[in-house]
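Residues per chain, in single letters:
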Amino acid sequence: MNLHAIAAIYKFEMARTWRTLFQSVVSPVISTSLYFVVFGSAIGSRITEIQGVSYGAFIVPGLIMLSLMTQSISNASFAIYFPKFIGTVYELLSAPISYVEIVISYVGAAATKSAALGLIILGTSFFFVDIRIAHPFMMLVFLALTAITFSLFGFIIGIWADNFEKLQIVPLLIVTPLTFLGGTFYSIDMLPEIWQKITLLNPVVYLVSGFRWSFYDVADVNIFVSLGMIGVFLAACLLVVAWIFKTGYRLKS
Amino acid sequence: MASIISIRNLEKRYDSGFQALKGINLDIPDGDIFALLGPNGAGKTTLINVICGIVNPTGGTVEAAGHDIISDYRAARSLIGLVPQELTTDAFETVWATVSFSRGLFGKPRNSAHIEKVLRDLSLWDKRDNMLMTLSGGMKRRVMIAKALSHEPRILFLDEPTAGVDVELRRSMWEVVRSLRAHGVTIILTTHYLEEAEQMADRIGVINAGEIVLVEQKNELMTKLGEKRLTLQLQEPIEQVPEALSAHALELDDAGQALVYTYNANDKRTGINSLFRDLDHAGLRLRDVDTKQSSLEEIFVDLVKAPTAGNTRNDA
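Respectively, the protein sequence lines represent chains A and B. Residue numbering for the first sequence follows the working numbering, starting at -5 and increasing by one per position. Residue numbering for the second sequence follows the working numbering, starting at 100 and increasing by one per position.
Fair warning: there could be bad hints in the mix.
Claimed, not checked - Covered by chain A, according to a simulated footprint, are these stretches of chain B (three or more residues, beta-carbon under 8 Å):
| # | stretch |
| --- | --- |
| 1 | 142 to 154 |
| 2 | 184 to 191 |
| 3 | 194 to 204 |
Source of the hints: derived by calculation from the structure; they are not laboratory data. Backbone N, C-alpha and C define an ideal beta-carbon position, used for all residues, glycine too.
Construct the complete structure from the given sequences, taking the supplied hints into account.
In structure tokens form, the structure reads like this:
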């Protein structure tokens, strides 16, 4: 194990966060606060409790998930795309470092950042609504698993993308719609029956539901199904990453 | 001398079908400065990129200090430093941070004293806290060399290191290369400045269209292939080569001021003695005599142009 290399990349990536502190941390916190103001206070005051939880508190897990997923993807995809774009990837490819180590360092750094951001948003939400966390340990497990899985997914996007448009297209056209339709701002019970069925095809539903369960003990789907789904997605991402490195796809000719 | 890089039947065919390397066999002796020459698109960069792990070979093997570059890539790559042709650096990192990063990436523990020495040798010490984006092109080139040297490699690849670099920087870079060689580092460089290869290299390899055309000690190459030109400056201009000298391969220069005789210094009979005898008979009086060894550049152009040059292959 080339631990020095893992440490070097991890430090490099974390240093990038500090340089871009405003963009990395402050702006997601601001936009999440806006969601609280608009959905939680302005609109939420007119919505009755959902599953015994006030609407403002109900949306907190969903909002954290929303940031966690989008930030994991953008952190990890940019981290590997940018060296390819400016050419510094040559150094990574010529270094005595294995693919596993590359993934650990890049995905580890991206997941650390987004998980930290998720906790910051959680902290921010205490200022707006009353929150209780029924299963703190499981909350952290969901937080960590989601951060890692979506950082892996972002890493794949970053390798696949050969221009800035492709880098943005998956988060914009797939992830954001799935997140908004994944029960972030509502319980799927509130949907018409046919849409309740269709929405179960959306993987984000399972993540938000499981994460919300760790807060309020209420869930749209069984908690083990949630864990199983995230496990499946994690395994799928790992398989794709393994294939990428085996073939050198978009990295080596 | 033991070879530190040994390449056997190395092939690279790109997905496009283009065969960039056609069965390269090459040994590079430990501690040499090896200059790889070849026209654009000859395969120089592909060869370097395969050795360094950036391009996958489609056939053959490469060993660096006895370590296969694929099955034993960790050991092989940690011995190698690479300065690629293109200037690619991060923008917002400082010089110190980026060079330290490279050291870590190559699996070496922190060593501030070594990084400081590298930066001082390359006159980068004053710039250590500057962001890379604020540096000039020449400074960025130095940073890339510093990155390649950060992990104390035994083998250093310099791909066109002096392209687009001013004279002063070029000289100081060659100083660094010489001092590395003195410390036992093997240096493999590609260059378009043949003059530099001529001055710097111990051994020269010529690659053309994916094949090694020739590998030779520089001095032997120079003498072996070296034609010499003997220029005879005349006291009085003449209009044509006199009849009495027609037996010799002489050319008259434009103004009729000089006769130029081309010969090979390695030939048993250079024809110089008989030429001088005949000159005397023809009654020509000389003002000055000058001989010139052909430069590497002329040799190189001859090799790459002549299709039969492939016969002179020599696997050192």
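Outcome of the hint check:
1. 142 to 154: holds (count 4)
2. 184 to 191: n = 6 at 8 Å, threshold three: holds.
3. 194 to 204: Holds, because 7 residues of the stretch 194 to 204 of chain B bring their Cβ atoms closer than 8 Å to Cβ atoms of chain A.
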